[in-house]
Each structure stands twice: as C-alpha cells, then as structure tokens.
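Participant: Listed in order, the protein sequences are those of chains A and B.
With UniProt numbering as the guide, the letters of the first sequence map in order to residues 1 to 240.
With UniProt numbering as the guide, the letters of the second sequence map in order to residues 1 to 296.
For the record, the hints were derived by calculation from the structure and aren't laboratory data.
Worth double-checking, as some hints may not be accurate.
As the list claims (entries may be wrong) - Derived lysine-lysine pairs resembling DSS-like cross-links, with alpha carbons at most 27 Å apart:
{"hint": "1", "chain 1": "B", "residue 1": "K76", "chain 2": "B", "residue 2": "K104"}
{"hint": "2", "chain 1": "B", "residue 1": "K205", "chain 2": "A", "residue 2": "K90"}
{"hint": "3", "chain 1": "A", "residue 1": "K6", "chain 2": "B", "residue 2": "K128"}
{"hint": "4", "chain 1": "A", "residue 1": "K90", "chain 2": "A", "residue 2": "K6"}
{"hint": "5", "chain 1": "B", "residue 1": "K104", "chain 2": "A", "residue 2": "K6"}
{"hint": "6", "chain 1": "B", "residue 1": "K217", "chain 2": "B", "residue 2": "K205"}
Stated by the list, open to error - Coverage of chain B stretches by chain A, computed from C-beta distances (three or more under 8 Å per stretch; other residues unrestricted):
{"hint": "7", "stretch": "75 to 86"}
{"hint": "8", "stretch": "91 to 103"}
Positions of the beta carbon are idealized from the N, C-alpha and C atoms, including for glycine.
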Amino acid sequence: MLAFLKFEARRLLREPRAIVLTLVLPVLVYTISSGNQGDVGGLDVAAYLMVSMAAYGVLVGVMTVGISVSQERASGWLRQLRITPLSPGKVVVSKALLGSLLAVPVVLAVGVTAVASHGVSLGIDRWAALIGLLWLGSLPFAALGLALGFSLPPQLTQPVSMLGVFGLSFLGGLFVPTEVMPKALAQISGWLPSNRYAELGRSIVLHHAPPARGVLILAGWAVIFALLAMTAYRRSAAAK
Amino acid sequence: MTQAVRLAGVAKTYGPVRAVDGIDLSIGRGETVALLGPNGAGKSTTINMLLGLAEPGEGVIEVFGRSPHEAVQAGKVGAMLQESGFAANARVIEIIELARALYKHPLPTAEVLATAELTEVARRRVDKLSGGQTQRIRFAFALAGNPELLLLDEPTVAMDVESRQSFWAAMRRFTATGRTVLFATHYLAEADDYADRVVVMAHGKVIADGSGSEIKKMAGGRTMSFRLNGTGDGLADLPGVTAVEVRGDRILLRCDDSDAAVQALIHSGRAYRDLEITGAGLEAAFLTLTSANGKE
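Work out the full structure: start from the sequences and follow the hints.
Facilitator: Here you go:
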C-alpha cells in the first residue's frame, strides 16, 4: 500500500497546476468578500470568512478525487489494479487519504491571505490545530467524491460533483452565514456536513473545543459516505 | 500437484445471453494453452472469471486449488486484458516499479523492461505511447510480479508483425521456466504456432480440445488441387479422398490421407498439371468446427 501511496503522490505532484487552480478560487472569493467590518457569531468577518472560504476550497479540491477516479475507471487502470494483490479496500483508502491531503494547502493559502490582508492572528498552535482538524474533517467529502466517481461516468462526475459542492456550500452556510438564513433553512443547515465542518474550524479560531454534537454529525456523514463509496466501488467492479 | 486451472460446469449469463455455457477444462502446470474462437465465443468472459473479475453463475473455478480471487491476492496470477489501461500521467518505469512492489517475488526491473522491449521508453509517460507499446506495457505489468500463471486476452492485437514475433519469443523464454500460460486469440496461426494445446470455443462452449495438428485433422486434413485434362469421373473413389470440388479448370480434392491420394492419382495415369497440396490450416478447421456447432 505504501508503494501505491508513493506512486499516487508522485502523480499528484506532477500536476502542480491543478493544485494551484484549486487554491485560486477560495483565495479570490475571500479577498473580494472579506472587506466588511463587523462580526458574525462572535467572530469578526475576516476570521469567519477565512474559515468559510477554506472550507469551501477544501470541498472543491477534495471532491476532485472522484473525477480522477471516474477517469481511471473508464481508462481501465482500476481494472488493472484489481488483478494485482493490492486489495480494493486499500485502493479506496489510499485515494481518500491523498485526496483529503489537498485540504492542507487550501487552508494554508486562505490562512496566509487572511493574515496578510486582515491581520487575522491565531498563534502557531491554533494554526496547526486548524490545519489538522480541517484535514481530518475533509475525509467525509473525499469519501463522497469517491462514491460519485465510482458510480458515475466521467462526463457526469464533474458537473455532479460541482453541483454537490455548491449545494453543500450554500446550504451549509459557507456563502451566507446560517445566522442570517431563514430559520427553516438554518435548521436544515445544522444537519449538513459542510456546516459542521466549518463549525469545527470556527471553534478552533474561537478557542473552543469543537461541539460534540457537530463532531458526531460530521462523523455520521463520514460513515454514510464511506459506505456509499464502498458500495459504489463494489457495484462498479461487478458491472465491468 | 494441483492443476493450474480447473473449471467444472462453469456458466455465466449476461441478461438473456449465455456468454459461457457449461465449460469443463483443466490445465496442468507448465502447459501453454490457446483459447481459440471468434468474437463473442466466451473467451474474455472465461478469462475474467479466472481472474475473479466476474463471478460464474454456475459451476466451480479453481486456480492452483483456490478461488480465483485468492490466487490473485496471493500473487500467483498475472494478466493482460484488452480493456485495461494505465494512470495517464505516470511514467513507464513508475508503473513497472509499482507492479513489482505489489508482488512478493518480482522479476528485476531491467529484465522486465528488456523482455517487454520497453527499455528505451522507460522514462516516457504512458499516455504518450503507441498502441503496440501500450500493449507491451500491459505485458510488462503482467510479467513484473513473476506469476506462475499468465492469462492473456488477445495479447498481440495492436502489434505489427515484428513486435508480434518478438512478443512470442519473449513468451517462449517465460514458459521455458515452467510457467503456465493461457491465451485467448482469434489469430489462428498463433494458436497453432505457440500453444501446446488448442481449446476451441464457440457460443460459450468448448467444441474441440487437442494439439494444433489434432484440431486440423478433426476438420478434414489437407486439400489437393490440380488442372486435369479430361474428365474428373472416379476421382471421388480414390483412396484417402473425402470430397471432390470443381473450381473453374481446377479440381480440388479434400483428403483425410493425402499421401495415399497422391499415390493413387499417379498410378491412375491421369494427365494432371500444377499439383498443389495444402494443409487445411487451423483457419479452415476452425470454420468447419464452429459452423458445425452453430447448426446444432
């Protein structure tokens, strides 16, 4: 499995443009929208939006793993791997792990922008906690991306993933804070992984322990998406 | 010692199509067996089932005495499949190193590259390879783990004549070490030239199983043809002749014993010219066998 991880990591690093492009969008949106003064939910706008945009960027980046998986499925690479001693479970776990690692540069890029443009300051320990937790918390989204990649043809995976990212981001309160949402919508939002993911980040910035309820909801989605990914993988393997 | 491959009463249905319709087949260790048949005969389905990529609807499949899945996990099997591809932006050498890392007793990298004739393109990206080179990296990937059984589905399909020959030369070196090979093909000459044993499949069934020359014999041996001055009456009664056909000014005699037929022709004192004797070849044998089966 280590050899496979190394192989995949090398391929990922071979396409730095893809990584850079993933960073541009959240940084840009953050720069444009973080000009307002004031605060939301006990955080000033600059810090609040830093977490929201990092979360949004991570969703975009991490879910691209599904797009590459659906391409590899179509090209026959996954089929080739299935006739080696490398077990399918290890393929899926390796992909999810590497896909979720994209969270790290995204959080760093948005964080650096926030520090540079608005003087957001956290201290080394909280930066480390923020990056670590936002990486761990991105695993359910990597699993969701994989579930889509294993069940859809390549030409559908991209639009469906993007739709998923926008839906989750919008309803999860990454674009419009839940504090200003209509009540019904805010209630739905509370059940979404994207909302709880951003909450995880905010709690670090606010120096709180992450709320148990939020962590449970996020973990619940992680289990659901992982099961979906496994089922989709088995079905795609049986079909071809 | 257990057989390399054993199929008993294996059947596989896709919707209304019975792709494989009750196959019994055993392959001993060290054998090189050709699975010969037209498209849609069930060759690929059989190979996929041997790899655990498809589950048989009925029957039992064993590879080295275990389930196909277990045999693959244990690193006993390598395969070249038609639809398999490679991670687009990886280099040839990286793909081979990965394959080697997944097996317990891999072949040395240099040997894999040399055998598959990929040494010169080792640093190239796999999406920049030609069709023949892509086929060779499939071969390299199958070979890298030094498996005891190689399954090849139409291995030479995108190769030109030269690379086809060097492919089979490499395969010969590999089988010389006691490995078992099963390859599917519709190149009839390939089955005849490179396999110890030819298994003919049509409509999901095994319709013939034997050496290349046995298969040819089953389908009617050789054809003798010549120009004849005078009538062809009585030719059908010559010893060794099974059928007479007139094609323009040429007479064609189908023979099950062409030696006897030639002798009899000479002794009959007939005035013939331009005598030719051709082996029916696996091609003709194949057509006879498959069309006979189709009529059932």
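Participant: Indicate, hint by hint, whether the structure satisfies it.
Facilitator: To see whether the hints hold, each was checked on the structure:
Distance restraint check for B:K76 and B:K104: the Cα-Cα separation of roughly 10 Å lies within the 27 Å cut-off, and the hinted pair is therefore satisfied. Our distance criterion of 27 Å between C-alpha atoms is broken by B:K205 and A:K90, whose separation comes to about 37 Å. Under the criterion of a C-alpha separation no larger than 27 Å, the hint pairing A:K6 with B:K128 is consistent with the structure, at around 22 Å. A hinted pair counts as satisfied when its Cα atoms are at most 27 Å apart, and A:K90 with A:K6 qualifies at roughly 13 Å.
Between the alpha carbons of B:K104 and A:K6 the distance comes to roughly 18 Å, so the proposed pair stays at or under 27 Å and holds. Restraint check for B:K217 and B:K205: the C-alpha separation of about 20 Å stays at or below 27 Å, so the hint holds. By the rule of at least three residues with a Cβ nearer than 8 Å to a Cβ of chain A, the coverage given for the stretch 75 to 86 of chain B holds, with 9 such residues. Coverage of a stretch by a chain is defined here by at least three residues with a beta carbon nearer than 8 Å to that chain's beta carbons; for the stretch 91 to 103 of chain B and chain A the count is 7, and the condition holds.
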